[in-house]
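Throw the hints in and build the complete structure from the sequences for me.
Just so you know, the protein sequences line up as chains V and H, in that order.
Just so we're aligned: the first sequence equals residues 361 to 585 in the working numbering.
Just so we're aligned: the second sequence equals residues 361 to 585 in the working numbering.
It cannot be assumed that every hint is accurate.
The list makes no distinction among identical chains, and a pair is therefore deemed to hold if it is satisfied within one copy or across any two copies.
Here are the simulated DSSO-like pairs of lysine-lysine, each with C-alpha atoms no more than 27 Å apart in a straight line [to be verified]:
{"no.": "1", "residue 1": "574", "residue 2": "560"}
{"no.": "2", "residue 1": "505", "residue 2": "575"}
{"no.": "3", "residue 1": "567", "residue 2": "389"}
{"no.": "4", "residue 1": "427", "residue 2": "570"}
{"no.": "5", "residue 1": "533", "residue 2": "575"}
{"no.": "6", "residue 1": "567", "residue 2": "502"}
{"no.": "7", "residue 1": "533", "residue 2": "391"}
{"no.": "8", "residue 1": "560", "residue 2": "389"}
{"no.": "9", "residue 1": "560", "residue 2": "486"}
{"no.": "10", "residue 1": "486", "residue 2": "575"}
{"no.": "11", "residue 1": "502", "residue 2": "560"}
{"no.": "12", "residue 1": "505", "residue 2": "434"}
Don't read these hints as lab results, they were simulated from the structure.
Fair warning: this is a prediction, and the values are worked out from it, not measured in the lab.
There are 2 protein chains.
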Amino acid sequence: MSFISAILLLGGKGSRFDLTTPKQFFLLKEKPLFLYPLQTLVESNLFQEIILVIPEGSLSFVENWVKPYLDKLKLIQGGNTRQASSYQGILACHPLSEYVVIHDAARAFVSHRILQENVENVQKYKAVNTAIPSTSTIVYTKPCKTFLESIPLREKCFEGQTPQSFSYSIIKKAHEEALINNIEGASDDCRLVLPSHPIKIILGEEKNFKITTKKDIHLASIFLE
Amino acid sequence: MSFISAILLLGGKGSRFDLTTPKQFFLLKEKPLFLYPLQTLVESNLFQEIILVIPEGSLSFVENWVKPYLDKLKLIQGGNTRQASSYQGILACHPLSEYVVIHDAARAFVSHRILQENVENVQKYKAVNTAIPSTSTIVYTKPCKTFLESIPLREKCFEGQTPQSFSYSIIKKAHEEALINNIEGASDDCRLVLPSHPIKIILGEEKNFKITTKKDIHLASIFLE
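In structure tokens form, the structure reads like this:
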């Protein structure tokens with residue numbers, strides 16, 4: 361059996377959220393948001409370890425909530441960007457780790473099916489992105505952002521979700537090369553890997569949306585009804 | 361003063377909606393959805409005429425709801441696709457029409473500000489699209505749809521909304537040429553115009569989202585609270 365690590369990113373300052381609590385710590389039905397995907401990860405029994413990457417200053421808050429799972433978790437502090445936090449998670453993996461499944465905690469309702477398909481496909485394809493066909497018409501703007509440049513074919517446009525899963529050596533090397541080339545602030549890991557390795561797509565779910573606005577919190581409540 | 365026509369598209373069979381009522385006729389706070397944007401159009405006083413393009417079989421239902429506004433409206437039957445319905449609306453415009461502002465009724469909460477900026481900018485730029493920066497990471501897939509092809513720069517990705525507004529002669533010609541070239545099923549009018557004319561972007565709004573799923577109806581209720 362392969363050694364597979366899950367990395368759950370609790371980073372993100374929630375600046376778009378317009379609430380004092382960072383979104384991943386917002387209480388929904390008396391549970392902080394990040395606990396929903398964490399429980400799904402734990403209960404899936406797919407991972408040999410689960411690494412929580414926590415923003416500065418929130419360690420004790422998180423520790424308090426994850427007490428029942430502490431024997432399965434490693435808690436570490438993240439960096440200033442998503443890319444830095446993801447890299448910290450990768451560096452914290454067990455020396456035997458062969459594959460990593462990286463998930464944003466703001467996607468609270470990731471399903472067991474999505475996790476399972478990530479785990480199965482990463483062992484076959486070495487790099488996997490979860491994505492769904494875009495329901496919007498995407499338009500591409502000129503650099504000025506005030507005129508259209510092109511309208512890509514709708515059927516080719518997908519919305520990237522997480523998890524994104526990789527062979528450990530591939531994702532570690534991609535992050536190292538990004539640092540050497542001064543690439544910072546990548547909003548997802550696939551962007552770093554794509555230049556060097558093909559990436560398989562796993563079908564995501566509408567329910568696996570990212571909770572980033574007050575509107576999304578309303579939606580999340582609806583999903584929990 | 362220019363002669364400006366508004367075209368409100370009530371088309372769409374609502375196949376994604378999973379309800380027996382087509383989405384644009386769904387009652388929200390005892391009013392069918394299409395009546396929200398129609399009232400905004402009427403009350404804006406920006407348009408010399410408003411053309412409602414109605415799916416087959418729904419004419420009497422619509423007539424019943426729009427009685428208070430009938431003197432300002434022209435009701436016509438749409439085609440089998442969005443492109444065909446849009447073209448029917450264009451053909452139904454008054455002979456003096458100089459500009460058309462085309463809006464999807466499923467975007468129930470279009471604002472006066474968006475309408476006004478469309479009207480102002482179409483007179484200057486001749487072709488206008490309403491759009492907002494994409495909050496998702498967009499990925500392009502290979503034709504097989506199972507592998508990633510590229511990840512466009514996030515800051516260049518916008519989500520197209522409506523209204524889309526055009527000089528009458530430009531949009532009419534674009535539709536005629538599409539027919540000559542056997543282009544059918546265009547999901548928006550800008551796609552037909554872009555090859556021949558630059559398109560200015562007007563900033564849309566999150567609230568101007570397209571109501572296409574049950575989840576969206578929930579959201580719409582939240583916006584009306």
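Cross-check of the supplied hints:
1. In the homo-oligomer, the alpha carbons of residue 574 and residue 560 never lie at most 27 Å apart, since the shortest distance is 32 Å inside one protomer and 30 Å across protomers.
2. For the identical chains of this complex, residue 505 and residue 575 are intra-copy neighbours only, at 26 Å inside a copy versus 30 Å across copies, given an alpha-carbon limit of 27 Å.
3. Taking CA atoms no more than 27 Å apart as the test, residue 567 paired with residue 389 passes in both settings, with 17 Å inside one copy and 26 Å between copies.
4. With identical chains, the CA atoms of residue 427 and residue 570 are at most 27 Å apart within one copy only, with a shortest distance of 25 Å there and 42 Å across copies.
5. In the homo-oligomer, the alpha carbons of residue 533 and residue 575 never lie at most 27 Å apart, since the shortest distance is 38 Å inside one protomer and 40 Å across protomers.
6. For the homomeric pair residue 567 and residue 502, the shortest alpha-carbon distance between copies (24 Å) is at most 27 Å, but the shortest distance inside one copy (32 Å) is not.
7. Neither within a single protomer nor between protomers do residue 533 and residue 391 lie at most 27 Å apart by alpha-carbon distance, with minima of 36 Å and 57 Å respectively.
8. Taking the shortest alpha-carbon separations for residue 560 and residue 389, neither the intra-copy value of 35 Å nor the inter-copy value of 44 Å comes in at or below 27 Å.
9. Taking the shortest alpha-carbon separations for residue 560 and residue 486, only the intra-copy value of 8 Å comes in at or below 27 Å, while the best inter-copy value is 42 Å.
10. Taking identical chains as interchangeable, the C-alpha atoms of residue 486 and residue 575 are never at most 27 Å apart, the minima being 36 Å within one chain and 34 Å between chains.
11. With identical chains, the CA atoms of residue 502 and residue 560 are at most 27 Å apart between copies only, with a shortest distance of 10 Å across copies and 29 Å within one.
12. With identical chains, the CA atoms of residue 505 and residue 434 are never at most 27 Å apart, being 43 Å at best within one copy and 36 Å at best between copies.
Violated hints, in rising order: 1, 5, 7, 8, 10 and 12; the structure is consistent with all others.
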